[in-house]
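Colleague: Sequence:
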Amino acid sequence: MMRKAKAVACGVGPCIKRALEKLGYSGPLTITAVGILTDVPHDFLRQVHSSGIALHHVPTALSGIGWAVVKWTWYNQPPANLMLISYEHIYLTTLDMLGRIGYNTVRSILPDDPQQAASSASPSTGSFLWESLLASLPAADDMDSGAPQEDKCGEMGEPALLCEQCRFTVQGFENFSTHLKSEEHAHESQYYRNEDDETDGDDYVRDSEDDEEE
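For the sequence shown, our numbering assigns the number 2 to the initial residue and increments by one for each residue that follows.
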């Protein structure tokens with residue numbers, strides 16, 4: 002089980018890149034894992050980062066990820082391409098909003114009904130099933146064989162390591178991990194512990210729509 006998890010973690014970046022190429026997307030690629038990363042095992046995060054994926058810790062799930070997407074638009078003007086992978090349906094509103102202002106969005110379909118997902122996923126709609134991507138990952142034995150991994154996704158330099166909660170950027174995964182375990186980080190976390198993510202997410206959507214109307 003541990004070897005399988007390691008294989009999945011190491012292969013996520015190249016797997017996403019190949020899926021985008023099949024949809025007709027090419028060029029420099031940046032992949033960022035955004036979330037409450039203190040809830041993710043250290044070794045799994047390290048393997049994900051080693052595949053060329055940037056790590057972005059946010060203190061709250063829904064609003065934190067939503068604002069990370071909004072901030073991405075500050076540095077990437079339309080018609081930039083954006084793919085968002087999430088089980089949260091709330092982000093469909095985000096993608097629709099970005100599409101209306103000129104961004105090209107690729108959505109990963111992760112609904113509760115697998116049959117509905119299978120019927121609506123296709124390259125022509127710019128949609129795909131996350132489970133189908135995971136199924137295409139190399140076997141654990143192949144990952145451990147020492148064979149070189151192709152199309153590693155570190156094309157934009159060393160993947161970034163950012164703690165949005167503490168407004169802290171660092172070089173080196175172990176330094177990043179040490180920060181997430183630090184007293185300083187724990188102290189900052191106290192401000193967010195009682196925050197309701199569901200309500201926060203609704204506020205994020207309303208605020209985003211208000212910004213668009215302005």
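Keep in mind that the hints were calculated from the coordinates and are not lab data. Wrong hints could be hidden among the right ones.
Straight-line alpha carbon distances no greater than 16 Å define the calculated EDC-like cross-link-like pairs of lysine to aspartate or glutamate that follow [what the hints assert, rightly or not]: (1) Lys182 / Glu22; (2) Lys182 / Asp40; (3) Lys182 / Glu165; (4) Lys72 / Glu165.
The structure displayed is predicted, hence computed values, not measured ones.
Colleague: Hints first: check each against the structure and report whether it holds.
Modeller: Cross-check of the supplied hints:
Under the criterion of a C-alpha separation no larger than 16 Å, the hint pairing Lys182 with Glu22 is inconsistent with the structure, at around 37 Å. At roughly 11 Å between alpha-carbon atoms, Lys182 and Asp40 fall within 16 Å of each other, so this suggested pair holds. Taken as a hint, the Lys182 and Glu165 pair is honoured in the structure, with Cα atoms around 15 Å apart against an allowance of 16 Å. Taken as a hint, the Lys72 and Glu165 pair is honoured in the structure, with Cα atoms around 11 Å apart against an allowance of 16 Å.
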